[in-house]
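Peer 1: Please construct the entire structure, taking both the sequences and the accompanying hints into account.
Number of protein chains: 4
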Amino acid sequence: MLNIAVLGCGRIGRMHAENIAKHPRARLAGVFDVYAPAAAEVSAHLGTTNFATAEALMESDDVQAILIATSTPTHADFIEMAAKYGKPVLCEKPIDLSLERVNECARRIAGSNLPIMLGFVRRFDPGHRAVRKAIEAGQIGELHQVTITSRDPGMAPDAYIAASGGIFRDMTIHDFDMARFILGEEVETVYATGSRLVNAALMERYDDHDTVTVQLTSVSGKQVTILNSRRAVYGYDQRVEAFGSAGMAISENHANTNMHLFGETFTYQRPALQNFFIERYQAAFAAEIDAFVEAVEKGVAPEVGFEDGRLALVLAEAALKSLREQRPVKTAEVE
Amino acid sequence: MLNIAVLGCGRIGRMHAENIAKHPRARLAGVFDVYAPAAAEVSAHLGTTNFATAEALMESDDVQAILIATSTPTHADFIEMAAKYGKPVLCEKPIDLSLERVNECARRIAGSNLPIMLGFVRRFDPGHRAVRKAIEAGQIGELHQVTITSRDPGMAPDAYIAASGGIFRDMTIHDFDMARFILGEEVETVYATGSRLVNAALMERYDDHDTVTVQLTSVSGKQVTILNSRRAVYGYDQRVEAFGSAGMAISENHANTNMHLFGETFTYQRPALQNFFIERYQAAFAAEIDAFVEAVEKGVAPEVGFEDGRLALVLAEAALKSLREQRPVKTAEVE
Amino acid sequence: MLNIAVLGCGRIGRMHAENIAKHPRARLAGVFDVYAPAAAEVSAHLGTTNFATAEALMESDDVQAILIATSTPTHADFIEMAAKYGKPVLCEKPIDLSLERVNECARRIAGSNLPIMLGFVRRFDPGHRAVRKAIEAGQIGELHQVTITSRDPGMAPDAYIAASGGIFRDMTIHDFDMARFILGEEVETVYATGSRLVNAALMERYDDHDTVTVQLTSVSGKQVTILNSRRAVYGYDQRVEAFGSAGMAISENHANTNMHLFGETFTYQRPALQNFFIERYQAAFAAEIDAFVEAVEKGVAPEVGFEDGRLALVLAEAALKSLREQRPVKTAEVE
Amino acid sequence: MLNIAVLGCGRIGRMHAENIAKHPRARLAGVFDVYAPAAAEVSAHLGTTNFATAEALMESDDVQAILIATSTPTHADFIEMAAKYGKPVLCEKPIDLSLERVNECARRIAGSNLPIMLGFVRRFDPGHRAVRKAIEAGQIGELHQVTITSRDPGMAPDAYIAASGGIFRDMTIHDFDMARFILGEEVETVYATGSRLVNAALMERYDDHDTVTVQLTSVSGKQVTILNSRRAVYGYDQRVEAFGSAGMAISENHANTNMHLFGETFTYQRPALQNFFIERYQAAFAAEIDAFVEAVEKGVAPEVGFEDGRLALVLAEAALKSLREQRPVKTAEVE
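Protein chains in written order, with numbering that gives the first Met the number 0: chain A, 0 to 334; chain B, 0 to 334; chain C, 0 to 334; chain D, 0 to 334.
What the hints contain is simulated information worked out from the structure, not anything from laboratory work.
Please read all numbers here as calculations on a predicted model, not as lab measurements.
We put the CB at the ideal spot given by N, CA and C, even for glycine.
Quick list of in silico lysine-lysine cross-link-like pairs, BS3-like style, CA-CA up to 30 Å:
id: 1; chain 1: B; residue 1: Lys320; chain 2: C; residue 2: Lys329
id: 2; chain 1: D; residue 1: Lys297; chain 2: B; residue 2: Lys21
id: 3; chain 1: B; residue 1: Lys329; chain 2: C; residue 2: Lys320
id: 4; chain 1: A; residue 1: Lys320; chain 2: D; residue 2: Lys320
id: 5; chain 1: A; residue 1: Lys329; chain 2: D; residue 2: Lys329
id: 6; chain 1: A; residue 1: Lys21; chain 2: C; residue 2: Lys297
Coverage of chain A stretches by chain C, computed from C-beta distances (three or more under 8 Å per stretch; other residues unrestricted):
id: 7; segment: 129-138
id: 8; segment: 240-253
id: 9; segment: 260-267
Peer 2: Rendered as structure tokens:
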């Protein structure tokens with residue numbers, strides 16, 4: 000059994016705590032949240048220790064590994080703290096909104112062989128993963144083009160947008176990681192277009208964009224297109240399409256049920272898509288915990304690590320620069 | 000070139016005339032209709048001879064083969080007449096509403112080696128045919144269960160129902176033939192249930208049923224279910240499903256276009272189905288003419304012949320008897 | 000919190016125990032199994048009491064409700080025992096293989112107002128349930144025809160077949176309940192056909208059938224077709240189709256992932272279906288526990304009760320009689 | 000009846016000739032081809048005049064309109080010639096590979112009010128057209144993002160590539176027009192990426208690319224992505240997806256039949272896609288002729304005219320410039 004404690008008891012932290020509690024080879028060893036009532040509730044509900052401070056949690060001999068689900072600006076600090084205590088980490092994305100801070104964190108934890116896993120949960124989605132496996136198995140031959148569609152079901156609240164770091168660092172970052180996951184190689188060039196079509200006033204206030212298309216070219220000339228929108232009225236649109244020399248693999252959307260309805264003017268109508276990431280990626284979140292437990296058990300590097308978190312942020316920086324300067328940007332320019 | 004003349008210039012006759020005109024190895028050699036204006040219009044539109052009588056048409060040296068698309072009660076007479084003139088026939092289903100008359104016709108044309116093809120057009124539908132081919136190719140192993148769904152888009156007019164001979168002889172007859180086509184063997188037992196759910200008053204008036212489910216068991220124990228309704232509001236529902244020891248093959252419906260619509264409360268909504276048989280079986284009607292031309296050219300028996308028309312009617316008789324006596328009926332009882 | 004104890008720690012009992020443990024308003028209050036090691040393992044894994052006898056479990060003040068997941072021949076006894084102790088029951092189907100024994104059990108527990116719920120889990124499947132809800136909401140108008148396809152992924156072991164009570168009582172019983180659930184009214188007539196197509200030798204040995212089609216007619220003339228096979232090589236085939244005067248609703252199969260693969264000779268290929276009921280009906284099993292907890296909490300009759308269990312068995316008896324006597328059988332004949 | 004003559008009797012010219020012959024309100028008034036045997040064969044097969052020269056065809060009083068299906072370098076000359084003779088034109092795309100020549104042609108025919116229609120056949124595809132109609136009907140709200148997937152089933156022959164003018168002018172040109180059709184407004188910026196992944200040697204020889212992704216931004220910030228490949232092994236991949244503020248509309252691929260196959264390791268497998276444009280766009284080619292006939296009959300401008308042909312070429316020029324200079328290019332730069 001791996002004793003994992005959870006930092007941060009918001010919606011995501013709580014979900015992770017429950018998944019840890021359900022995992023056959025993991026135990027929820029405690030929780031902490033700066034907002035004490037949140038931690039108290041989770042600790043009561045799941046029957047686990049409510050630590051008074053993050054340090055106390057890190058220090059505890061009963062805690063063997065740390066899951067960081069706190070607010071973004073604290074991630075790098077907690078990673079460094081866990082490294083100091085020699086405890087493996089599973090950290091929610093992103094490491095930080097600032098690439099500088101991420102690079103600093105990388106230097107500080109350099110040399111440690113601790114498993115540090117980044118919570119790019121979509122890599123663990125059975126459908127997206129099946130696409131990657133089909134590529135690895137040669138089922139679509141050499142990969143040529145990838146299309147990643149990722150649209151949120153509704154505009155996030157104003158305060159969320161304000162603190163998000165912009166759409167590339169907040170939302171597209173998942174797709175940047177997905178692009179690297181599906182590609183199996185690095186991106187060389189980034190070209191981004193951004194528009195304000197959902198809520199122009201809000202986007203202008205924060206110099207942000209709600210509708211973006213990002214074009215990535217890999218070192219060997221493979222092409223990736225990322226389609227993002229902050230609002231798809233039909234639900235959380237999450238698709239990955241990989242086209243290659245011998246075929247194509249598509250990870251399709253999930254509807255709420257597999258019911259198809261026929262009426263006077265329509266046929267094969269399906270319900271709205273699963274809303275939101277906690278429902279859509281339910282299986283993926285559980286598989287993520289499993290991958291973390293297994294990596295720690297076996298003492299191997301997790302499938303998605305700190306450097307993956309850093310490289311996704313590099314792509315976000317490049318996209319931002321591309322959008323501002325209206326030109327394709329080499330990733331080498333922003334590293 | 001095969002010179003084919005068409006008897007009957009109603010909606011179906013006219014469509015057949017056009018398909019003959021378009022066929023690369025066929026020529027429309029003339030038309031006839033008891034209602035002269037209908038024949039006149041088709042003959043003018045397609046630039047072909049308008050024969051004054053059916054006999055004149057049959058006698059003409061320019062006419063090498065006959066397509067019968069007249070009203071049902073005349074089919075058997077015209078088949079016998081064509082046999083007398085030694086001209087191959089493609090006859091619309093059914094041969095006759097009376098099994099006795101069909102048997103008599105069979106006796107009268109016995110001995111002739113003329114190709115006589117029955118217009119069970121659905122055998123030529125690319126999707127349904129692909130199901131049969133998948134079976135023949137062993138792709139689903141031994142066939143175990145077949146489901147044929149066949150629902151009309153709307154209740155036929157009162158006069159049509161009155162003259163139809165009842166749902167089994169008029170509508171299910173296509174499915175009886177489809178069952179034999181998919182099975183590749185004969186039916187032994189028929190059990191039918193019928194209800195009056197679409198238009199009870201109309202159905203009572205003609206002692207008919209608008210909603211029927213028919214259960215067939217083949218000589219080797221394969222099971223076939225036929226689902227019929229006189230009205231599917233979403234369009235002409237035409238599906239065939241074949242389940243076997245090594246897989247399953249389904250011929251799915253055709254929507255008007257392949258457009259999928261997503262809205263606030265629904266996803267993957269498709270348009271209504273193609274309406275009606277002339278649209279849905281457009282490719283099949285053309286392929287039927289092609290099969291007829293080829294059979295006559297090669298002097299071989301057509302894939303679907305007089306005896307197939309007769310056996311489909313035997314199944315209709317058995318279904319009617321089953322419904323009336325509320326028990327399964329052996330086909331041998333009605334032969 | 001409702002304290003529920005589980006009788007029977009086989010595969011299904013264990014799954015139920017886990018679902019109870021996960022439920023936010025339920026607590027796993029203990030387990031019992033005649034095979035002690037099975038109970039010991041579950042009790043250790045889930046940290047719950049391992050009762051020495053079923054009586055001890057029933058007597059315990061800590062146990063407020065009972066889930067019966069033991070072997071079929073013990074179900075009725077345990078229901079009667081739970082009734083004696085005044086404890087609500089959720090019992091796996093079927094109540095018993097003998098309708099006589101079920102009727103006896105019904106008499107013995109008569110008068111008690113205890114919630115007794117039958118584990119017809121498919122009623123809680125989100126897709127099948129959405130079909131029922133669409134009907135209730137009037138989305139397909141008056142119901143006319145229902146098709147229930149239910150095929151197991153592989154032939155059960157010899158010993159299982161021997162003790163199963165035959166395909167109707169063991170497998171079709173779920174579909175009989177589904178038919179009643181979708182119909183919203185009672186069945187009047189049952190006609191069954193059965194064949195030995197998957198493993199004829201095994202089926203002959205036990206006078207059983209591996210491939211059956213059952214035709215039900217409801218009191219108002221609605222038609223239901225049930226298609227069963229003991230082996231579908233492509234996986235656990237579970238579909239419900241409801242056709243009505245204003246539309247159609249279909250609960251479609253679930254594939255292992257939503258990945259679609261394209262290759263040189265095929266397109267839109269999806270993976271095999273979820274195998275087996277524990278995976279396919281995962282959400283349904285959790286929803287079933289939830290419905291039971293809610294019924295007990297509110298002191299109301301569960302949605303699916305003892306009488307539903309009895310009536311499904313009546314349909315199984317009628318199907319068996321129909322198959323033996325080769326005629327449609329009225330349910331009144333076997334009641 | 001509109002008497003239409005066809006210039007060019009290759010594969011496409013022949014298909015157009017047949018469609019004209021089948022059209023209820025059009026008549027095939029003659030053909031011409033510089034390769035006399037081709038014209039002779041079509042004229043014999045369809046029973047129409049074989050003109051000795053293009054001039055003779057243009058001059059003939061029996062010819063009321065001209066369909067140009069000759070080789071690309073002759074299109075502009077024949078348009079000018081038809082304009083001189085005052086005969087309406089339906090011209091295959093592109094007008095010319097040189098934007099300069101197109102502009103010159105525009106100047107030469109300026110002032111004439113002749114209907115000149117460009118053969119951007121995909122606008123007439125029922126599925127793609129349904130997407131446009133859904134937008135016009137407000138069914139997806141304001142348009143935000145468009146994805147056009149267009150992949151040929153196999154690499155064109157060497158000689159074809161050599162004369163094609165490059166992928167943007169030859170293949171993407173259809174998608175540029177589709178983008179304008181779906182957008183309903185003009186494109187401002189073009190960014191293109193190109194790779195040599197299918198046949199690098201061939202592409203290098205002609206300084207061409209076989210795999211391109213083109214990003215368009217419209218004047219109001221709508222985003223269009225075009226995905227092209229010279230070879231999709233699963234067939235001719237033709238899809239259009241339009242995402243908007245109130246929904247999404249997708250025009251999906253057409254398989255050869257609607258048969259779905261299930262086997263031991265797969266489910267819902269469909270056959271390869273229709274190959275190639277003559278099959279896939281069969282309905283569209285017929286609708287195109289119909290639109291041309293109707294425009295001439297009514298004396299109105301065709302839905303897709305000379306300027307549409309010119310603007311598609313402007314986008315191709317911009318894409319080529321973008322690829323060469325590795326930067327987004329404004330359409331105004333190449334006009």
